[in-house]
Structure formats: C-alpha cells, structure tokens
Amino acid sequence: MNPFVRYLTTLSTTATLSLSLLGAINWRVDPFLIFENNRLGVYSWVERQFKSSAIKTYQHDAVLLGTSKTALINPDDLPMFKFFNASFSSAAPEDILLFLKQNLTQEKFVLIGLDLFTFNEKAYPYNDSNELYRDDLLENLFSLNASKESLRTLGLHFLGRPPLIQENGQRHPSPDNDEDSKGGEVFDARVDRIAHKYYSSFTFSEKRIVALQDIRDLLEKRGVGHKVFLNPINEKEYEALLSYPQAHTSLLTLKKELSRIFPGYVDLTLSRYSKLSYYYKDDPVHYKPHVGKWIVDEVMKNSL
Amino acid sequence: MLFNSYSFLFVFLPIVLGLFFALGRPGDRRAATVCLLASSLVFYGWWNYRFLLLLVVSILFNWFVGETISKRTPPERPAGQKPLLVLGIVVNLFFLGYFKYTNFFIQNVTAFFNTRSPLYDIILPLGISFFTFTQIKYLVDAYRGQAKPYPFLQYSLFVTFFPHLVAGPILDHKSIIPQFADKKFVLFRADHMAKGLTLFFLGLLKKALLADQMAIYATNVFDASAMGVIFTFFEAWVGALSYTLQIYFDFSGYSDMAIGLALMFNIKFPINFFSPYKAVNVIDFWRRWHITLSHFLRDYLYIPLGGNRKGVVRQNLNLFVTMFLGGLWHGAAWTFVIWGSLHGVFLAINHGWRSLRQRLGHDVEHSSRPGRFLSRMVTLVAVIGAWVFFRAADLETAFRVLKGMAGIHGVSLPRGMAENSPFLAKWGFLFNGLTPTLGISPSTMTFYISVALVIALFGPNTMEIINNDGPTRSPVGEKFFHWRPSPRWAVLIGVGAAFSVMALSQVSEFIYFQF
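Top to bottom, those sequences are chains A and B.
All letters in the first sequence, in the order written, are residues 0 to 303 by numbering that gives the first Met the number 0.
All letters in the second sequence, in the order written, are residues 0 to 514 by numbering that gives the first Met the number 0.
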C-alpha cells in the first residue's frame with residue numbers, strides 16, 4: 000500500500016477512535032448532568048444544569064434563589080421550611096424568572112437575594128434567550144471542556160474530595176478559602192478591582208425591573224409566599240461603590256423600585272453583615288455560610 | 000465560516016474536496032476549477048453575502064485593468080499604462096480606505112478641530128486588506144512586465160481561493176496561478192493530502208492549545224488595564240509575554256492551516272512564519288514574521304521609495320514610512336501606527352548598528368555565542384514592547400502596561416520572601432505574591448507560559464518539521480521532529496486531530512481576521 004494512503008488511513012482511524020473513546024468517557028461520567036449518568040457527584044461549575052435537575056428530585060417545600068453569594072448558604076440550617084438552594088452564579092432577575100417558570104411546582108415559599116451588580120447591563124448583558132444554559136449534545140460529548148471536566152470529576156472523586164454542589168443545592172466553599180478577612184492591601188486591591196468591574200460605567204437595567212415585576216406576578220398568581228432581600232456587601236466594597244456616582248444612584252433607584260414591587264423587602268446593603276470578618280480572606284464578595292444563615296433568619300423573622 | 004469550526008471541518012471541507020477531485024480530469028480542469036471558485040465564493044459569502052458583490056467587482060476591475068496593462072511588455076509599453084496603473088491602485092486603496100479608515104479619519108479630524116461629528120456604521124469586509132494587497136501586487140507586476148494576461152477563471156480563483164482569502168498569506172500570482180494551469184492540479188495526491196492534513200491539524204493545535212490559552216492571560220491583563228487597573232512588574236510582563244505568544248501561535252497556526260488546506264488541493268503556498276522569536280535582530284525578525292507581508296512592503300513600498308539606494312538618511316526615512324504604513328494597514332488606530340513606527344525605528348537602528356560594526360571591521364554575519372544570545376534577548380524585548388501597543392485598546396492602556404513592565408507600579412514578590420529578605424522591603428519591593436491583582440494561580444500560568452515560550456524560542460517550527468529542515472536535521476531532530484508518513488506520526492497526528500476537534504467548541508476567531 001502507498002505509505003501516504005496508509006498514513007491517511009491510520010490518522011483517520013486514530014482520530015475517530017480517540018474521539019469515540021473520549022465521547023464514551025464524557026457520556027459515562029456526565030460532568031454536566033446532561034445524560035443523567037452522573038454517579039460521582041458534581042465537580043464542575045454547572046449550577047444551572049444541576050439545580051434545574053436536582054430541584055425535581057430533592058424533597059423540599061421552599062426555594063432560595065440568588066447569585067453565588069446565597070449559593071453558599073446551607074439550606075438545611077434555614078428556618079420555617081425545608082429549603083432547596085437553587086442559587087447560581089450571576090443570577091440576574093431574568094434568570095431567576097426563567098428558573099421559576101421552568102421549575103416551580105409545589106413550593107410554598109420562595110426567598111430571593113438580589114445584588115446591585117446584576118442590574119448593571121453593561122457588565123452583565125441581559126439574557127434575551129429562553130435558556131438558562133446551553134445544552135449542546137456534540138459539545139457535551141466531544142468538547143475539550145467536557146473532557147477536562149470528566150477527568151477532573153474522576154480525579155476529585157477518587158481523591159475523596161466533596162462535590163462542589165451538595166444534594167440540597169449548597170455550593171461547597173473552597174477548603175483553601177476558609178480564613179476570615181482582616182482587610183489589608185491585597186484585600187483592598189481585590190475590592191477595587193471588583194468594584195471597578197461591578198460599578199464602573201453602570202447602566203441601570205430597566206428590563207430587569209420588569210423581570211422583578213414578572214417574578215412577583217408569577218408567585219402571586221401561583222399563591223406562593225415570597226420574600227426579597229438585598230444582599231449585604233462588605234464595608235470596603237460599599238465605600239468603593241460610593242465613589243461611582245452612577246452606581247450609587249442606581250442603588251437608590253433599585254431600592255425605590257424594590258419597595259414598590261416587593262413592599263417589606265429587607266435592605267441589608269450596608270448592615271451588620273457588612274463586617275469584613277464575615278467575608279473570606281481572599282474573597283471580598285462572598286460572606287460565609289453561617290453569616291448567610293443569620294441573614295436568612297433576620298429576613299424570615301421580618302416576614303412573619 | 001472559520002477554519003476552526005464544525006461546519007467547516009465536517010461539512011464544507013469534505014464536500015469541496017470530494018467534489019473537486021470527483022470533477023477533476025487531467026484533460027479538462029475547468030469543472031473542478033469552477034467548483035473550487037464557487038466553493039470559495041460560498042466560503043466568503045457565508046460570513047456576509049452582501050460583500051460578495053464587493054469581492055466580485057474588485058476581481059473584475061483588477062483583472063480588467065491588469066490585463067490591459069500587461070498586454071504590452073516593456074519597452075513597448077505605450078504611454079497611458081502608468082495612468083491606468085495609478086487608477087487601479089487608487090481605486091483599490093479608495094475602497095480599502097473607505098471601509099477601514101473613514102471613522103478613524105473623522106475621529107482625528109474632529110479631535111484636531113475640537114468639533115463633533117457622528118461616526119458611520121461601516122462594516123469592514125472580511126479580508127479586504129489581504130485581497131486588496133494581493134491584487135495591487137498583480138497590477139504593479141503587470142506594469143513592470145512581470146505578469147502576463149491570465150484567464151479570468153484562474154485569476155478569480157487566485158484571488159478568492161478560500162485558504163488564503165480572509166487572512167493571507169499574501170500570495171504572488173507568478174507562483175500560484177501557474178499551479179492552477181498544471182494538468183495534475185485536479186488529481187488526488189495522497190502525499191499532498193497527508194502533508195496537508197498534518198499541517199492543518201498542527202496549525203489547529205497551535206491555535207487551540209497554545210494561542211487560546213495565552214489569550215486568557217493576555218486578555219485579563221489588557222482588558223483590566225483598559226479599565227484603569229494597574230499591574231505590578233510580574234503581572235504586566237505576564238500580559239505582554241502571553242500576548243506575544245498568543246499572536247504568534249494564533250497567526251502562525253492560521254497560516255499553517257491555510258498552507259495545509261491549499262496543499263490538499265495540490266497548491267503550494269509560501270511560508271509565512273519561520274520561528275520569528277528566534278530572530279537575532281529586527282531585520283532578521285521581519286524575515287521570519289508575516290513573511291509575505293514583509294516581502295510586499297519591501298518590494299512594493301520600500302524599494303520603490305528608494306530603499307537604501309539614496310543614502311542613509313533617506314534609507315531610514317524609507318524604513319520608517321514603510322513600517323508606519325505597515326502599522327496603519329493592520330488597523331485604524333494610533334496604537335497600530337505606533338507599533339509600526341517603532342519597528343521602523345528599530346530597523347533604522349539595526350541598520351545603523353550593522354554599518355558601524357562593518358566600519359569597525361566586525362563580521363556582521365557571524366557573532367560570538369554571548370553576542371548572539373544578547374542580540375536575541377534585545378530583539379525579543381523590543382518586539383514584546385512593541386506588541387504592547389499592538390494589543391492595547393488605546394495609548395493610555397499601552398503606557399500603563401509598559402510602566403508596569405518597567406516596575407514603576409511596583410514589584411511584588413512571593414509573600415514567603417518577606418521574612419527572609421528585609422533588605423528588599425527597604426528597596427521598595429512588595430510582598431503580596433507575584434500576581435496579587437491578577438487573581439490567577441501563578442504556578443499554572445507560569446507552567447503554560449513557560450511551555451509556550453520554550454516551543455517558540457527553541458522548538459522546531461511546523462515548516463521545519465514537515466519539510467525536514469533546520470534543527471530537524473540533527474540526530475535528535477531526525478528521530479523526534481522529522482515528519483514522515485510513518486505509523487507513529489499518523490497516530491500522533493490522529494490524536495492531535497481528535498484533540499483539536501474537541502477544541503472546536505471553544506470557537507474563537509483568529510486575530511488577523513480583524514485586519
């Protein structure tokens with residue numbers, strides 16, 4: 000046989016076999032929970048997929064929704080109801096609305112934690128699609144990302160690491176990230192960077208206010224009890240926010256709108272939960288899970 | 000349609016290859032040639048069918064002008080050919096200028112006169128810089144008597160041939176069009192297909208594995224800098240170095256894919272990159288980086304301006320003007336102009352240094368090892384510094400990054416060094432970690448950048464691997480880097496192909512598509 004023809008045959012056979020093998024691994028490990036084969040636990044950032052699926056099987060009568068801040072809260076610690084933590088990263092109001100429309104069934108209560116930064120349409124463009132996440136079969140079988148996550152899932156599972164997301168929806172905080180913040184130069188630099196990302200050139204999203212109204216209407220129509228709160232931000236971040244006049248004005252506008260749409264909402268923006276030690280040393284954005292419990296306790300107390 | 004997309008790899012390419020070779024007959028190449036031309040137009044129109052008309056009009060116009068000019072060869076060329084050449088060049092540059100530079104012109108004029116004017120919503124046709132230069136080359140060669148009248152079909156295919164249409168290489172009609180006339184052009188050749196596929200996947204791997212990974216770090220630094228974030232010494236160097244590597248692997252990867260694709264159709268494209276970061280000086284750099292563009296600039300701008308034939312001062316001016324325009328060709332922004340101008344200055348300095356060494360009796364073609372090492376480092380640093388302008392969103396961002404690279408925003412060392420090196424604190428060093436603001440794990444970043452750097456600085460390039468040239472001639476190179484149609488290479492490239500197909504889902508455009 001012509002050596003080049005043999006070369007081409009071997010090349011195509013190898014490529015096909017390699018792709019098939021990797022596709023088979025990705026299908027079996029199912030890191031993104033697309034094929035309902037995942038038995039090893041969720042070690043990838045697939046909150047939207049996981050929670051859309053897990054909410055259907057996890058026994059609960061209330062839902063906690065919000066961004067990654069509320070995702071760290073342990074729903075088993077929360078009062079009055081058996082919560083499922085359906086929070087996910089950068090959950091903007093239209094994402095929350097979409098989630099509720101697609102997944103709300105027999106729940107009696109919905110608790111929503113909101114963040115100002117998700118109302119900045121410049122940094123967080125509005126999600127016009129009717130999808131919370133992309134569900135591409137080819138990509139989930141054959142993409143580099145899927146393969147990396149499959150190998151990561153296998154590795155972390157066999158190393159005995161806990162999954163990233165618990166059955167109840169709580170996001171597992173990183174074990175390297177446990178120390179309380181004491182402020183300092185590095186912390187301040189990170190706050191500045193985050194504040195710049197969240198609050199510079201702030202374009203207040205009116206469409207998201209409409210989404211909030213739609214959330215209220217949906218919950219009232221279904222007779223589901225609900226409460227809304229504005230998440231706290233740490234005191235350094237609040238100082239930084241004040242230096243962005245547009246963002247500060249937007250915060251005031253948001254508070255006004257929340258009073259109108261959700262009377263009795265709880266504003267915790269700058270509160271006792273803004274203390275630096277309630278946040279992680281290397282992460283000025285997320286308060287610790289036990290702080291989250293205190294926050295929900297206070298909000299739920301206000302809802303009685 | 001991108002080369003690195005499912006639709007191209009699994010739909011377009013197999014169909015075109017299949018049809019092309021099915022229609023190919025040694026006695027009649029017309030059907031296969033028409034098929035390839037039609038496919039290339041579909042490829043271009045896939046991006047935006049409205050600009051197909053522009054492409055077709057451009058081809059018709061240039062072919063007509065070129066044919067008219069080339070019908071007479073010197074010294075019989077009648078008067079009237081030069082005005083026709085000038086007309087041809089002006090019309091080409093007019094369209095390029097309109098689409099590419101209108102808003103840049105408006106912005107600068109209004110800024111100068113401190114007035115306001117709305118900008119126009121002008122979409123830049125894909126590849127316009129490339130197919131404009133390719134055809135200007137043809138017109139000038141026709142005027143010089145270096146081009147004969149070509150059949151319209153072959154000329155059209157030369158301009159539209161999809162492997163080079165949107166981002167080069169800038170082809171020479173003299174070497175490409177005769178290949179279309181070859182009887183064996185339309186016949187399947189397993190050796191060409193094998194080499195072509197190998198080159199294609201090597202290029203795709205460079206893009207997916209190396210360029211896109213470097214892009215993560217570069218984007219982090221440059222986008223944050225554009226927002227006003229200040230980076231310390233190591234972070235700024237991470238940004239600059241990773242962009243240096245990103246643009247090389249991205250563009251050379253694309254060129255490899257283009258050359259590989261062309262070879263599958265039995266067409267040999269010129270080499271476009273040859274390990275540019277191994278250059279011993281800036282003159283050498285431009286013999287290795289975007290070779291087809293630098294040849295164009297040399298043959299159609301630098302030499303017609305006078306080259307080095309009119310004294311040192313004029314030579315330096317010619318170098319500066321050539322590179323100034325070369326920078327402007329890349330984009331309608333002062334950052335590109337400064338990048339080009341910097342290279343003009345570097346070239347002038349390099350030529351001056353060579354002259355000085357020659358006057359001192361040194362052998363400029365051979366240097367000592369320490370000398371070569373030093374000149375490689377100086378060249379690399381100069382090139383990296385210039386890339387900062389190329390990548391930055393604006394001049395302010397560029398200077399912010401450069402200041403970081405110079406240590407003006409501080410040098411931050413690992414926290415663990417604080418206790419053991421108190422004297423460093425006295426000298427103003429910080430101990431917040433190597434990348435306190437960047438927020439990316441330094442160890443992962445260092446690993447990826449080091450691997451990419453070693454490949455760029457010391458590894459054989461794709462052309463050396465495929466053509467068994469350069470370092471592959473050493474015993475080690477022979478064993479590990481000399482491509483041959485062996486089972487080992489087939490398995491290696493097969494696995495690489497699978498890997499690069501997997502990377503297709505992370506679709507990212509090639510950098511040079513924006514030019």
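Don't take each hint at face value.
[As the list claims (entries may be wrong)] Simulated pairs of lysine-lysine, DSS-like, Cα-Cα distance not exceeding 30 Å:
1) K402(B) - K121(A)
2) K181(A) - K267(B)
3) K267(B) - K280(A)
[Claimed, not checked] Far from chain B by the CB rule (all over 10 Å, computed), these chain A residues:
4) P2
5) V4
6) N36
7) S51
8) L71
9) L103
10) P124
11) N126
12) S128
13) F141
14) L155
15) E184
16) R192
17) K196
18) V223
19) P244
Think of the hints as simulated: they come from the structure by calculation, not from any bench.
Glycine is no exception: its CB is placed at the ideal position from the N, C-alpha and C atoms.
Outcome of the hint check:
Proposed proximity of K402(B) and K121(A) is supported: the alpha carbons are some 29 Å apart, at most 30 Å. For the proposed pair K181(A) and K267(B), the alpha carbon gap of about 64 Å is over 30 Å, so the pair is violated. A threshold of 30 Å between alpha carbons decides the hint, and for K267(B) with K280(A) the separation of about 58 Å lies outside it, so the pair is violated. The claim that P2(A) is not at the interface with chain B is violated, since a C-beta of that chain comes within 10 Å of its own (minimum 5 Å).
Not every Cβ of chain B is farther than 10 Å from the Cβ of V4(A); the closest lies at roughly 5 Å, contradicting the non-interface assignment. The non-interface label for N36(A) is consistent with chain B: the shortest C-beta to C-beta separation is roughly 19 Å, beyond 10 Å. The claim that S51(A) is not at the interface with chain B holds, since no C-beta of that chain comes within 10 Å of its own (minimum 21 Å). For L71(A), the condition that its CB be more than 10 Å from all CB atoms of chain B holds, with the nearest at approximately 19 Å.
With a cut of 10 Å on Cβ distances, L103(A) stays outside the contact zone with chain B, its closest approach being about 32 Å. In this structure P124(A) is separated from chain B by more than 10 Å, as the shortest Cβ-Cβ distance comes to about 16 Å. Residue placement check: N126(A) keeps its beta carbon more than 10 Å from all beta carbons of chain B (closest about 20 Å). Under the 10 Å C-beta cut-off, the non-interface status given to S128(A) relative to chain B holds; the minimum distance is some 18 Å.
A beta-carbon of chain B comes within 10 Å of the beta-carbon of F141(A); the shortest separation is about 6 Å. Taking the minimum C-beta to C-beta distance to chain B, about 16 Å, the non-interface status of L155(A) holds against the 10 Å cut. With 10 Å as the threshold on Cβ separation, the claim that E184(A) sits away from chain B is violated: the shortest Cβ distance comes to roughly 6 Å. Taking the minimum C-beta to C-beta distance to chain B, about 6 Å, the non-interface status of R192(A) is violated against the 10 Å cut.
With 10 Å as the threshold on Cβ separation, the claim that K196(A) sits away from chain B is violated: the shortest Cβ distance comes to roughly 8 Å. The non-interface label for V223(A) is consistent with chain B: the shortest C-beta to C-beta separation is roughly 38 Å, beyond 10 Å. Non-interface status of P244(A) relative to chain B is upheld: no Cβ of that chain comes within 10 Å, the nearest being about 16 Å off.
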